[in-house]
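Chains as they are written, first to last, in the numbering used here: chain F, 1 to 183; chain S, 184 to 508.
If you're looking for bench data, these hints aren't it; they were derived computationally from the structure. Any given hint could be a false lead.
With a cut-off of at most 30 Å between alpha-carbon atoms, the simulated DSBU-like pairs for lysine-lysine come out as follows [said to hold, decoys possible]:
1. S:K356 x F:K7
2. F:K159 x S:K426
3. S:K346 x S:K258
4. F:K159 x S:K498
5. F:K159 x S:K356
6. S:K346 x F:K7
Over the 12 Å line for every Cβ pair with chain S, so calculated as not near, a few chain F residues [unchecked claim]:
7. C30
8. T33
9. D34
10. T139
As the structure is a prediction and not an experimental result, all values here were calculated from the model. All C-beta atoms, glycine included, are put in the ideal place defined by N, C-alpha and C.
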Amino acid sequence: MTNDEFKILFTGPMGAGKTTAITALSDQECVSTDVVNTDIDQCDKEMTTAALDYGYINIPGGGGVRLYGTPGQERFRFMWPILANNAAGVIVLLNGEHPDLDSHLSVFVDAFWEQGAMPMVIGVGRLASEDFEVIERITDTLLERHISPPIFSVDVREKDDVLLLVEALLCQIEVNEMGMMQA
Amino acid sequence: MKNQRLGFVGLGDDTASACLSMLKIMDGRSEVSWSHSDPDSADVLMISCDQTDETQRWARSDKPRIVVYDSNQKKPASPFVLQHPFRVMQLLSVLDEVAGTLALEGPSVPQPHSPSQGVVSSSTVSNSVSPFWLSLHEVVNGSVSNPAGLLVSSSPHGLLYFKPASQRFYASKALFRQLAAASVELGPLTPTTEVVSDEMVACPLFSLCWMVSRYSATHLAPWMNPEGAFHLKRWPSFGTLEKSRTHLSLCALMTKRPLTREQVQQVSHCSEEELDRFINACEMSDLMVFEEAVQVSLPQASAEEGKGRFGGLIKGLRSRLGLSA
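Use the sequences and the hints to build the structure in full.
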């Protein structure tokens, strides 16, 4: 990664929409490393990411933003720290109607929170528009552990929702930058 | 603004000290300017209900009296009373009532105090918040006898119910749409034995606070010190909050460290009215930590896109994605 680039990481369980979100933002066709999904119980789709998804946003005047998506299955979690290295921030995507939502929340937040050092945003998909119970439950669960990232109900098929997650992340990165300059 | 002097008689040191702090917080936010003085030169007395020689002597004075009694004591039969311990809003409320009485008819024959129909007196409209906002403030701060019960506020567009225990509002979808879209006059919350109908939908406390703060609390609420520092406990629920860059920036800034309003404005470029509205809604939803006096260093406005490690890239990315404010 060069000095005129930075990295945003997308993570979350299989089927949460990481590839969709990266595709929505990327200027080039998203590079995926799909394999046949052998865990249909977790997510009913044919293919899933084994190593990474990759997209890129060109910034006018030079430079760009690398978008990485982690594999969603825990058996590939050895890839997570590799992809998280030097990331400016992480967007955690969750499936709000999945029966293992609480477990997913714990696994992915634990893996990337880093005591709040890395800016994080959580996007919860597949919720009804007036369903704030799930968001509040997630908020309370994380607060009990003194973790308080912004949490949004999103539909990653809508580009505006993906942009909202990115904007919330950028705002946090900027504030972190202020702290760095102050030190 | 009219000046009035308040004298303390027979109050404990802690109560007197708390009152002095409250008077400072209220400065400029009450209908009159209140200052402390000795009882002889005071316009109004704040007097303990304990029967001592001193209190009995001052009880015979012609000056209006606010009688302070403890929760384990019988409520005094006096026009103006305060149950100890009390909060700044309650002090402000009773002082405004006293001031109103003095202005209307002089100090000799104050009107009897009548318990408000609402949680707080609807006459206690401060300079910046509505009666609904005042009553909600009292409720969320515990001034409701039955938190599991239901409260109701009336409006020209229908009834709005609030259940303190669950921090949920209930109303018709049409009323919520109206509340979000336009100014709706809401009456103070009052206890009710009615039940929420099945057709009504729920709305979380913060969402409702954000909606109505636009016309109910556009300036910093009088119970908050405008000179203090504000720290957001966590990001609010964005269910109905406008997802603008301004609000996201405010959340990111204020969850990171305590900041004064001036500092937040300097870094975020948010307007004073919008910032106050944001603080009001967060405070009402118990998301805001308030620090009276704190040495807070201002984050360098780095901010100033381009200066940080990612500053220039973020500016370019925002422009590229159409996110620029």
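We went through each hint and held it up to the structure:
A C-alpha spacing of about 42 Å is found between K356 (chain S) and K7 (chain F), which places the hinted pair above 30 Å, so the restraint is violated. This hinted pair checks out: K159 (chain F) and K426 (chain S) have alpha carbons roughly 14 Å apart, not beyond 30 Å. The hinted pair formed by K346 (chain S) and K258 (chain S) meets the criterion: a straight-line CA distance of about 28 Å does not exceed 30 Å. Restraint check for K159 (chain F) and K498 (chain S): the C-alpha separation of about 19 Å stays at or below 30 Å, so the hint holds.
Of the supplied pair hints, the one linking K159 (chain F) and K356 (chain S) holds, its CA atoms being roughly 27 Å apart against a limit of 30 Å. Between K346 (chain S) and K7 (chain F), the direct Cα distance comes to roughly 45 Å. Violation of the 30 Å bound is thereby established for this hinted pair. With a least beta-carbon separation of about 16 Å from chain S, C30 (chain F) lies farther than 12 Å from that chain, consistent with its non-interface assignment. Every CB of chain S is more than 12 Å from the CB of T33 (chain F) (nearest about 25 Å), matching its label as outside the interface.
No beta-carbon of chain S is positioned within 12 Å of the beta-carbon of D34 (chain F); the least distance is around 26 Å. Listed as outside the interface, T139 (chain F) is inconsistent with that label: its C-beta sits roughly 7 Å from the nearest C-beta of chain S, within the 12 Å cut-off.
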